[in-house]
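Chains as they are written, first to last, in the numbering used here: chain A, 1 to 587; chain B, 1 to 149; chain C, 1 to 128; chain D, 1 to 606.
These are computed hints drawn from the structure, not numbers from a lab. Don't be surprised by glycine CBs; every beta carbon is placed ideally from N, CA and C. Each hint can be trusted.
Taking CB as the label site, the calculated pair distances span: (1) D/148 with C/57: 35 to 41 Å; (2) A/493 with B/82: 38 to 44 Å; (3) D/273 with C/5: 23 to 29 Å; (4) D/421 with A/15: 32 to 38 Å; (5) A/250 with C/5: 57 to 63 Å; (6) A/121 with D/113: 50 to 56 Å; (7) D/393 with C/42: 45 to 51 Å; (8) A/115 with D/68: 51 to 57 Å; (9) D/425 with A/121: 35 to 41 Å; (10) A/5 with D/350: 30 to 36 Å.
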Amino acid sequence: MITLKIDGIEVQVPEETTVLKAAEKVGVWIPTMCHNDLFEPYAVCRLCSVEVVRGKRSRVVTACNYPVSEGIEVLTDSENIRWIRKFLMELILSRWPNVKVVKEMAEKLNVGKPRYESLEKDEAEDACILCGQCVNVCREVVQANVIGFSYRGIKREVVLPLGEQSDKCIVCGACALVCPTGHIKMVIEDYKGKKPEFTLGPKTSIYVPTMQGIPRVPVIDAESCIHFKTGGCEVCAKVCEPHAVNYDMKDEIVEIDVGQILLSTGYDIFDASKMTQFGYGRLNDVYSSLEFEMMLSSMGPTSGKVLTKDGKEPRSIGIVHCVGSRDTNHHPYCSRVCCMYALKFAHLVCDRTDAEIYQFYIDMRAFGKGYEEFYVRILDEGVKVIRGKVAEVSEVTSSGEYKNQLIIRCEDTLAGKILEVPVDMVILCNAIEPRKDIDAVRRLFSISKSPDGFFLERHPKLDPTSTMSDGIYIAGCAQGPKDIPDTVAQASSAAARILSYISKGEVEIDPVRAWIDDKYCAGCRICNNLCPYTAIDFIEEKKISQINDVLCKGCGTCVAACPASAITGKGFSDAQIVAELEGLLAI
Amino acid sequence: MEFEPRIIAFFCNWCTYTGADLAGVSRLKSPANIRVIRTMCSGRVDPTFILKAFELGADGILIGGCHPGDCHYSEGNYKALRRVHLLRKMLQSFGIDEKRLRLEWISASEGDVYQHVATEFTAQIRSLGPLNWKQRFEQKEPKEQLIAV
Amino acid sequence: MAKLTIEELDKLREKAVDKLRLRESGENRGRVIVHLGTCGIAAGGRQVLTALLDEVEKQGIKDITVTTAGCAGLCSREPMATIELFGQTPVKYADLTAEKIKKILAEHVVKGKLIKEYALAVGSERVG
Amino acid sequence: MPFRLNIMLCTGTGCVSNGAFPLLEAFEKEIKKHELHGEVAVIPTGCNGFCAVGPLVVVQPDEIFYQRLRIEDVPFLVQEHFLKGRPVKKFMYTPPETKEPIPVMSDIPFFGKQMLIALRNRGLIDPENIDEYIARDGYKGFTKAITTMTPKQVIDEVKASGLRGRGGGGFPTGLKWEVAFNTQSDEKFIIINCDEGDPGAFMDRSIVESDPHSVIEGVLIGAYALGVKQVYIYVRMEYPLALKRFYRALEHATEYGLLGKNILGKGMDLEIEVHRGAGAFICGEETALIRSIQGFVGEAQAKYIYPAEKGLNGKPTIINNVETWANIPQIILRGAKWFASIGTRGKNGDGGSTGTKVFSLVGKVHNTGLVEVPMGITLREIIYDIGGGIKNNKKFKSVQTGGPSGGFLPESLLDLPVDFDELLKVGSMMGSGGMVVTDEDNCMVDMARYFLDFVQSESCGKCIPCREGTKRMLDILERITFGQGTEEDLVKLEELSKLIVESSLCALGGTAPNPVLTTMKYFREEYEAHVKNKKCPAHTCKPLITYTIDGKICVEKGHGCGVCRKNCPQSAIAGELKKEHRIDPAKCDKCGICYDVCKFDAIYVD
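The task is simple: from the sequences and hints, build the whole structure.
As structure tokens, then:
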């Protein structure tokens, strides 16, 4: 540790620290304009000049990069230093009078009108003050080494290589971030041939996926993070106090032995582009329910505002129910939740815009607790509901007029008329359908599926949460479309079921097992490779096969196959079945 | 009085038995001639049971299992398939019509499939008439039996 | 030239110094001046000079510089040469030929014995 | 058959630009014509030093000096002197005052007072022939060091010699080596600084051109002392001949086993890599030079930790000027005591400036060229004895030492002994050795403006005081030379200078105001003239001078001859034969042609 005096205050700092950091430690303010902790001090503005007195020799040095040494006396406010600082500030101010950073510093050092007129005066507010932070961050932190200084003397300037946009630039925006005057701006335009499309993805390379996520922890997107490209940056590691950033963590497959499994693998929404008459994916401003939900969310691309694709507020919106549901060509079942969220959409759109709202429904299924009251309230708010399945959404009216709006054609079955409603935006309530990989998951856990494709529960009425296989439970939309209250109820019941087994400590396995009688077993080993659960092993010494009780599931295949009928299936023994036969065929 | 066939059905507990139950719950009409024996898996059905059943007077045997790949014990129904094929070849030598033994894949959700299979199989057996396999044994000397076949 | 060791470097230095010796004036015993005025050259002074230089090199005489000078004025007795050994009065020889100059070199320059019959005059014109 | 005559023809860049190579061919052709090629050898040598009178030849062994030779003089000279042995007076150097030609080189005053250490082989050897260097005790210092001395002893010898950096700063070389020696590191570097950006300075160029091996031997000794394996030499692209000769020297040295692996069988390895400077004056500064070698833009860095401790790639790096390295072999060979006996010594026997310094004497003196003089010699001796006084008998005004970082010294300081510390005391500095002599026709304000303009455009522009400060001073000085200067501007100049000196990042900024400070200190009256009565005493600042014709003289003496009218490019002069002529100030652009052509001195400037 080194001891030194700063303006008379004694301070102890480790070996390599600079005078600036030592001064900060004792709360002495030293002006800086080109200093940035992200990289080596560049020491160009010289504003941090201080007087270092060693013995009788005093010398003016820059605090930002002068390493402390034992017993020196630092004067940060001596008469000479104040003169130097004011004079330097005058030179800077006279060349860049309107830059915010410069004006602020000039006020702090109370420098008024500069006495020295500069021929290179630049009145712009975002003029480049040649502080070099962008060049250093690009070279030392991002290590892409794209921008640099060129020309000497008063003509010094920050330039791109050969003056053009270089493909070495990875558009990380670090230079724009550190630039104190805002001279470097991030321009989103057709860069590298990519059009900035309406991305729902994350904005920065390190982001928190959702605010409600558990655990609410940021995650690094390896494709866009600079560190994985140039090995440099590591700014997030530098600023994270608990040093929680670890770049070499990899995705890893973890195997956990569990007793019971709850499958709540969720659902997919129906791809509305299959029903071409609605124009999803073809016409602008035809959104699926999930996309509209994203638009309504404050973290979404439009941060909550309801906007058409060209950024204007829609004057009228059409909400189409049962897209893909209650439809023999697609999904015969009712997706159950669409009516209610359609009404929610209508309510939110009423709040945020003063657009006309039309709902096209077959039956308004407001079945839940308080749902009907909500429906009545929506009608009071002036939402127009039309009972009729929408036939087509197009840009041209049947009479051939082109109104730069979407035309919804449907039959109002109550009024018995064909309607053509012009709207600015159409929201489709897509059906809920089983996930694409449901068959693979099903085979993995050897459970079966119900006719509509969702997981099959053990019993539709009496036991909707467990499945045929012991220890495998299902909850949520994986078992069938349902809304949040039902899902929560089902999930809690599954959880309660699981906990009951866990609290008991051991699991009763049903007595149905196979058992080999040593006397009759001839050691023919036919049953050994028959068992799907490899529960039968061959004992070399005794030359007989034996069944491992725990592994055996009691299917009885081996019982039937044993030529010596040495294997008896407890609960389903040959004698019992023959007795059943005799009973059945007695009369 | 008209011939009422007696049909024994071995239904696997996880799929066909539950399917049949679903048919009942969904009030699907199906003939009562089917007398069901529940086994943990269609693989459990031993060919001797089938012959025993015929001997005890059954006119038709129906085995119901899960669809291939759905079996709770993953391979049970494949074993049943193999045994039924071999058994069919033997039935001919016993003088029993092959059509009297039938293997069907009925999953837990196929209540209607169960109803269809049951009605169709019963009609088929009724057309075949009673087997009375055991009485045939008693009328003939053992030696003649062999010659007759 | 293969890589040198220190000894070889020193040997090479002696050889090179000898080659450059002529460059520095001074620290040698005397001078042989062959007079090559226009008439001297016509009378065959050149051959005398080349002969003299070959002889000097053959005998490896290191401390004598051979130079030329202008016409000594006695055109009839050309080619002529002057032997100036420091500390002795210069001697002029006349009607020289290649052999004569070799003998003069051997006798007068090396042994210091003047050859009377070839000598024209002793001492230099600039007297006083 | 040894050559009886060696024609040492100077092929330094100065003489080469005057046509030395065609002259060389002419000599060879002529000698062959007279079949003298067996007896007479023509040796192209490095810079002889006397650039004013190039192209020049020294005929050895009699050391006859011929100057300003032209191709057409060659046949006569070969026949007259080489063949017939009669030196030709016509081509000899004749000093201006005595009109008597001086045949022998060492008698010429220009060479008289010089003492050659760094330039000991100039004009005596063919720089591209290693054997000739070895013949003149080449590499003897190195063999002495590597066989008889330990690295520590070598460093102590250099310290005892009192040698100080010849690059300009004058930092004691021995001390610098000791710091590097004591810093532990797995790898150390040596850099030879041959950037020499000062305008008018060409010492390093001539050293590398005349005697590249002396630099290589110096670096070998340094590398042995400091355990260095890799040396970089940083040469300006503007020195092609020096580069060619240095590459040739490297080849020969490697061939002889004096470079590369296992040097002289002593297990020492050394590689020398040549880096060509891209012509930035800032790259002469140590830290900027290191940045340039590392591939970055040449920008100075803070020197709070000396390169000797942490320089190139963070490793200890010794950077010394070419001339410093050229002195090392002699110091080792002839001992520190001999070297310390030359030059000046401090009060208590140490310090001061020892050895000799090479100056490039340029400007308004007769004998411009390269002079190597012992430290402590006075400015007057250099300018008058060696330099031959001021040309066309104008009056001496000032001498500038240290290039753009140095200062202008007036006549009153002519007896100042030339030495690092003395020059610093009077506000100038030794610098790399540029010495520019100005006479009464040079305007000091304009000279200060010129050097400030040079420094402003050569400043790396990194830090505020140097980039902005020097530009503001330049603007002020330009205003003054245009006659718009005010009294207050002089105060501003002083203030700006103080700021730049104290807060600049590197030595360039730190010394940039010296030319202005010294001219204002010693030639205040010129500034007053420019500012108060808007006049330029030296008649160089064009906006401040006017040319007028004295009507009486023009008519009486010149009879209105009209010569000036005919020659005036701007046709600003009106008048007829026998009539008085007048200059129209509006049209006149003060080129001064009329002043020169008028035979009757009828035109005067004020």
